[in-house]
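Sequence order for the protein chains is A and B.
Residues in the first sequence are numbered consecutively from 214, following our numbering.
Residues in the second sequence are numbered consecutively from 93, following our numbering.
Since the hints were derived computationally from the structure, they do not count as laboratory data.
A quick note: this is a predicted structure, and the numbers were derived from the prediction, not measured.
Accuracy of the hints is not assured; some may be wrong.
What the hints assert, rightly or not - So the derived label-pair ranges between C-beta atoms look like this: (1) Y296(B) - D625(A): 37 to 45 Å; (2) E641(A) - F333(B): 23 to 31 Å; (3) D236(A) - V103(B): 52 to 60 Å; (4) F233(A) - K228(B): 58 to 66 Å; (5) K228(B) - E458(A): 48 to 56 Å; (6) G156(B) - H615(A): 22 to 30 Å; (7) K319(A) - P183(B): 38 to 46 Å; (8) E630(A) - P183(B): 15 to 23 Å; (9) F333(B) - E630(A): 51 to 59 Å; (10) K244(A) - S210(B): 51 to 59 Å; (11) T282(A) - L213(B): 49 to 57 Å; (12) E641(A) - T285(B): 51 to 59 Å; (13) I628(A) - G105(B): 36 to 44 Å; (14) H631(A) - T285(B): 25 to 33 Å.
Every residue, glycine too, gets a C-beta built ideally from N, C-alpha and C.
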Amino acid sequence: MSDNNKLVREVAEKKYEFGFTTDVHTEIIEKGLNEDVIRLISAKKGEPEWLLDFRLKAYRYWLTQKVPTWAHLDIPEIDFQAISYYADPTAKKPEGNKEIDPELMKTFDKLGIPLEERLALSGTAVDAVMDSVSVKTTFKETLREKGIIFCSISEAVREHPDLVKQYLGSVVPYRDNFYAALNSAVFSDGSFVYIPKGVRCPMELSTYFRINAANTGQFERTLIVADDDSYVSYLEGCTAPMRDENQLHAAIVEIVVHERAEVKYSTVQNWYPGDAEGKGGVYNFVTKRGHLRGADSKLSWTQVETGSAITWKYPSCILSGDNSQAEFYSVAVTNNYQQADTGTKMIHIGKNTKSTIISKGISAGKSQNSYRGLVKVDARADGARNYSSCDSLLLGSECGAHTFPYMDIKNDSAIIEHEATTSKISEEQLFYCNQRGIPVEEAVGLIVNGYAKDVINKLPMEFAVEAQKLLSVSLEGSVG
Amino acid sequence: MLEIRNLHASVNGKEILKGINLTIKDGEVHALMGQNGAGKSTLSNVLVGNPAYEITEGTVLLNGKDLLAMKPEERAHEGVFMSFQHPVEIPGVSMVNFMRAAVNAKRKYHGEEPLSASDFLKLMREKRKIVELDNKLANRSVNEGFSGGEKKRNEIFQMAMLEPTFAILDETDSGLDVDALRIVAEGFNKLRTPQTSAMVITHYQRLLDYLKPDIVHVLLNGKIVKTAGPELAQEIETRGFDWIKEEIGL
């Protein structure tokens, strides 16, 4: 049984509790973006020539592209030359010394992500990334015994270049979109996961992303490969300090799912959302895509989006394998001046493929919250099925909720269902709670968590608890 | 003890209550009867602090404390409970979580530690029996998909959980079949203590047969126009309200 009441009370006085900065020596390269910067990043990471080539091609392509403007977002102009593209908080340590700066350890402790294995959450291995660098990956050795590779992408490039070369950019090519091209040019750290054939990953794998340095962008790159008959559940969490300036986070996550393999990818996104007046906050422009390559493969994206000033994010699935199944469960909360344009694309190519989309948008304050989704059924995709349900909940009268469902169906045998609702928390519901002794803020937390339950229930336990807390905190002061 | 003095209240600018005076002592059950629109539901909603109603004059003291100065949740913590005429549905919020939030909010108000999960579930089990509420209902979302009778039973179950000292039953008998009415009424009687008082709003004698009110009031046009013993309810059942109107010269 979940413990709503306690959770809500715990957080009653807190606003954005992850807004602190870590005072650690950080090597930050000069602001600006050009080929020399890309060469520098690649050199710092000791990358092979092919990867530098990949980056440069992406950069040259990016130069030809314009910032996308089709989303229902009001994005201030971003000066891409005013951002530093590489910040390394681990740079201080002398060569050969493997000790991690205690300040970094403390930071992750404070975030609830202990990096000492003996203190870790049971059953979860963590890759901790601050700014552009992976600080530590826990339980690497334990996982290695099963043949599972879980490390930072930089390390994977060094230790497993063939795997990286085979899969990097194979799901999200650098030409995919403006931010995908930018990420491909300058990506720093993120995680690499490889689950070998027939292996069921014995613990949750998770990456925790932290932005610390000011005036830097974070360009995470994550690649997950699940070989035939394997299973993995992967979690992603993220926070950033409170700053008046906006910070850019442009990530790519690629997932490849082979025959009969199953991947569950869960995100609790809590980047700094900006203050109540809309000042500051992270711009979260993310391309996430999974390729269900093998027959009978499964992939589910579950996301709880509470943070960021602007979210532009569409975790998508390409269902190539026959009988493959994809799911997208999303709760997106916007408050104050936050903007979110998020959803998914389900692209059915294989026969008898099945996708499910459950999206719950919650808008409060003066925020704008959009669901944007595409269901595409290829001419070859006999027997494809999709069920989509997009609900919006409004708190107050100054916020907006929008739904943009697109369908492109080229096969007559497809069965596509779409439902959408918009509702408000009613005065009657709040008063009913009040009469039973539950104060307004707590009542809002209860009602919103109830509304989002179908999605929250898809998250692994610890994440579900975290997500419930976040939903309540994010909406503080939005009613009454 | 609840003391209502010269209470005036309006909805959307229209005066509904026009000077209510009423004292309900500990242990007493008062029945409030009257035609539709007389102000019965307005009085209950004002007492529980529904923000849709505006109080223009008067005082209400609960055990000497100024009830009208309290927020709705504080009134609940001070022992006021209302069984709603139309209980609202709250999708996705399980009865367990809902009641746990309510019970622990009250405990917090009184400086007590929250109940542990196991103690709380034990309490739920005990109290469910009082109104014969199915375990399945207790695990469902608040009132969602409940039948009319189940909703009313669920109201009395919540009363059992919160142990109020002053309960308002707002047409709790409406929409109940004979068996459900008996279960709800007997459930209420089991919860009564010498400290519990209640205000029961009803149109029918059959609920009062079970609850045995000490005093019966007739509300007419925003005022209490007649107060008597339980025999008054019997008389209204057979004769209606017109004779009362004539009696007071309306």
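Status of the given 52 to 60 Å range, CB of V103(B) versus CB of D236(A): At 59 Å between Cβs, range holds.
Using the C-beta atoms of T282(A) and L213(B), is the stated range 49 to 57 Å upheld? holds, 54 Å
Verify the CB-CB distance for I628(A) and G105(B) against the hinted window 36 to 44 Å. Violated - the Cβ-Cβ distance for I628(A) and G105(B), about 54 Å, lies outside 36 to 44 Å.
Could you check the hint for me, namely that K228(B) and E458(A) are 48 to 56 Å apart, CB to CB? The hint (48 to 56 Å, Cβ to Cβ) holds, given that K228(B) and E458(A) are roughly 54 Å apart.
Given the range 37 to 45 Å, decide if the beta-carbon distance of Y296(B) to D625(A) lies inside it. For Y296(B) and D625(A) the Cβ distance comes to about 60 Å; the hint is violated.
In this structure, is the beta-carbon distance linking G156(B) and H615(A) contained in 22 to 30 Å? Given range 22 to 30 Å: violated, Cβ gap about 53 Å.
Tell me if the beta carbons of K319(A) and P183(B) are separated by a distance inside 38 to 46 Å. holds, 42 Å
Kindly confirm whether 51 to 59 Å is satisfied by the beta carbon distance between E641(A) and T285(B). For T285(B) against E641(A), whose Cβ atoms are near 30 Å apart, the range 51 to 59 Å is violated.
Is the gap between the beta carbons of E630(A) and P183(B) within 15 to 23 Å? For E630(A) and P183(B) the Cβ distance comes to about 20 Å; the hint holds.
Between the beta carbons of H631(A) and T285(B), is the distance compatible with 25 to 33 Å? violated, 55 Å
Return holds or violated for the Cβ distance of F233(A) and K228(B) against the range 58 to 66 Å. Violated - the Cβ-Cβ distance for F233(A) and K228(B), about 46 Å, lies outside 58 to 66 Å.
C-beta pair E641(A), F333(B): status relative to the range 23 to 31 Å that was hinted: Check passed, 30 Å falls within 23 to 31 Å.
In this structure, the earlier hints numbered 1, 4, 6, 12, 13 and 14 are contradicted, and the remaining ones agree with it.
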